[in-house]
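Kindly generate the complete structure, drawing on both the sequences and the hints.
Now for the letters of each chain:
There are 2 protein chains.
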Amino acid sequence: MNLILLRPDELAAIGAGSYRAVLADRRLAHLREVLRASVGDSVGVGVEGGELGRATIVALDEQTATLELRLGEPPPPALDVTLVLALPRPPTLRKVLQQATALGVKRFVLFRAERVEKSYFSSHGLHAHALAEDLRLGLEQARDTIVPTVEIHPEHFGRFVRERLPALSEGGTPLVAHPGATTPCPRAPIGPATLIVGPEGGFIPAEVAMLMQVAQAIDLGPRILRVETAVVALLARLAP
Amino acid sequence: MNLILLRPDELAAIGAGSYRAVLADRRLAHLREVLRASVGDSVGVGVEGGELGRATIVALDEQTATLELRLGEPPPPALDVTLVLALPRPPTLRKVLQQATALGVKRFVLFRAERVEKSYFSSHGLHAHALAEDLRLGLEQARDTIVPTVEIHPEHFGRFVRERLPALSEGGTPLVAHPGATTPCPRAPIGPATLIVGPEGGFIPAEVAMLMQVAQAIDLGPRILRVETAVVALLARLAP
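Quick note, the sequences are listed as chains A and B, same order. Heads up, our numbering is the position in the first sequence plus 300, with the first residue counted as 1. Heads up, our numbering is the position in the second sequence plus 300, with the first residue counted as 1.
By construction, these hints were calculated from the structure, which means they are not laboratory data. Since no wrong hints were added, every one of them can be taken at face value.
If you anchor each label on the Cβ, the simulated ranges turn out as follows: (1) B:ALA430 - A:ALA313: 50 to 58 Å; (2) B:ASP309 - A:ALA430: 42 to 50 Å; (3) A:ALA467 - B:PRO484: 32 to 40 Å; (4) A:PRO492 - B:ALA324: 48 to 56 Å; (5) B:VAL447 - A:ASP361: 51 to 59 Å; (6) A:GLU368 - B:GLU333: 55 to 63 Å; (7) A:VAL447 - B:PRO377: 39 to 47 Å; (8) A:ALA324 - B:SER422: 33 to 41 Å; (9) B:PRO540 - A:ARG459: 34 to 42 Å; (10) B:GLU368 - A:ALA329: 51 to 59 Å.
Backbone N, C-alpha and C define an ideal beta-carbon position, used for all residues, glycine too.
Here you go:
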C-alpha cells in the first residue's frame with residue numbers, strides 16, 4: 301500500500317483545501333502495523349476518483365486514525381487498454397486484476413470461452429466487494445485513484461464476439477494475444493487498444509477463427525506464458 | 301505444465317534416436333489427473349539441458365507411466381538478461397523465479413539490501429530442492445529445458461556492489477530499475493544485460509548512489525509496481 305485511498309464521503313472539509321478523515325479499517329491496521337506510523341507522520345493519500353495529496357496523522361490509537369490532508373496532485377495517466385479476458389480461475393483473476401490495475405488499466409471485460417470452467421462464473425471472486433478489493437489493492441500499489449470498471453459477460457462465446465466485441469473494439473485497436481501469431485505484440489503505445497486474452501489452455505480453433513476476423517493476432521514469442529504473466533508482459537509493451 | 305521435463309538419467313535408449321522413460325512422481329499425477337491421458341496419447345517432452353520432442357504413452361497405471369520418445373527440436377532461445385534481485389520475501393521469490401524462468405532468464409543472482417529482511421536468507425525457499433522446483437515449473441510452463449542458475453550472495457550490500465557486481469556487469473549492460481529514473485526501460489533487446497531490481501520497499505538513498513555509479517537507472521513510468529510485476533514488465537520490454 302503506497303497510498304491511503306479514501307472515499308469522497310470520508311472527507312470532512314476543515315478549511316480552504318483541507319480535509320479531515322477518520323479511518324477504522326484495514327487502512328488503520330496498515331498505518332499501525334506496516335508503516336508503524338505515529339502522530340505527526342506524513343503519509344501519501346488519494347481520493348477515489350480524485351486527486352492525490354499528503355496527510356498528517358493528527359490522532360492515532362487502537363480504534364481509529366485521524367488524518368488531516370491536502371490534495372492537489374493528479375493521479376498518474378491511465379493505460380488506454382481495455383482488457384478483455386477469458387474468465388480465469390479465481391486466484392489468477394485476483395492477480396490479473398491487481399497487477400493490471402497497478403499498470404493503469406481502467407476497463408476489464410470478462411467473458412466465457414470453451415476452456416473456461418463454468419463454475420468460475422459463480423466464484424466469490426466475482427462478487428462486487430471482492431472485485432472492489434482487488435481493484436483497490438492495485439490502485440494503492442500504483443498510487444492511483446481512478447477505480448476501473450469490471451464487466452462480466454457470461455453468455456456464450458459466439459454471442460459475445462458477435463454482439464459485444466464490436467462495440468468494445470470501437471474503443472481501440474482490437475488485438476488478440478495468440479501464441480503462434482506471426483505478428484509480435486507492439487513495443488510502444490498504439491493509442492487506445494482492446495486487448496483480448498484467452499483462457500489458460502488457449503482458445504479452441506473455432507474461437508481463434510472467429511477472433512481473427514475481428515482482431516489482429518499478436519504474440520510474445522515462442523514461450524507459452526501463464527495468463528497473469530502474459531497480461532503483464534503485453535501491457536508493459538503497450539504502456540507509454 | 302506444457303512439457304513433461306525429463307532428467308537425462310531417466311532416458312533409456314531403445315533404438316536409433318528413441319528412448320524410454322518411466323515416471324512415478326508428480327509428472328505421473330499430471331498425466332493422469334490434469335491431462336487425463338491414456339495409453340497411445342502423445343505429449344510434449346523435453347530433456348533437462350537438451351532437446352524437446354514428443355512422447356507416446358505406452359503404459360499407464362496408478363504407479364507408473366511409461367513413455368517412448370523422440371527428441372530433435374531445440375529449446376526456445378534464452379533471454380540474455382542476468383536478473384540481479386534483492387532477495388524478496390519467499391512467496392514473491394517463487395513468483396519471480398517461475399515467471400522469469402518462463403520468460404527465459406538463465407541466471408539469477410540474489411543479494412542483500414537494507415530493506416531485505418535478514419530472515420529471508422534462511423527461508424526454505426532458498427534450499428536447493430525448493431529453487432529447483434520453481435525453476436522447473438517455469439521451464440515446464442514455457443517448454444524450455446535449460447535450467448537457470450541461482451546464486452545467493454548474503455554479504456553486505458556494499459561488499460556485493462564492490463566485489464561481485466563488476467564481474468556480473470561484464471556479462472551485459474548494467475541496468476538498475478529505479479522508480480523516478482529519468483530514462484525509461486528500453487523497449488527492445490539491447491544485447492546482453494544485467495538487470496538489477498531492488499526490494500519491495502526500494503533501495504535506500506545510499507544504495508541508489510552506489511548503484512548509479514555502476515549501472516544505468518531506468519524506470520517504467522510513474523506507477524510503483526510490486527517486484528513480481530516490475531520484473532515481468534522489465535523483461536517483457538527487453539525480450540526479443
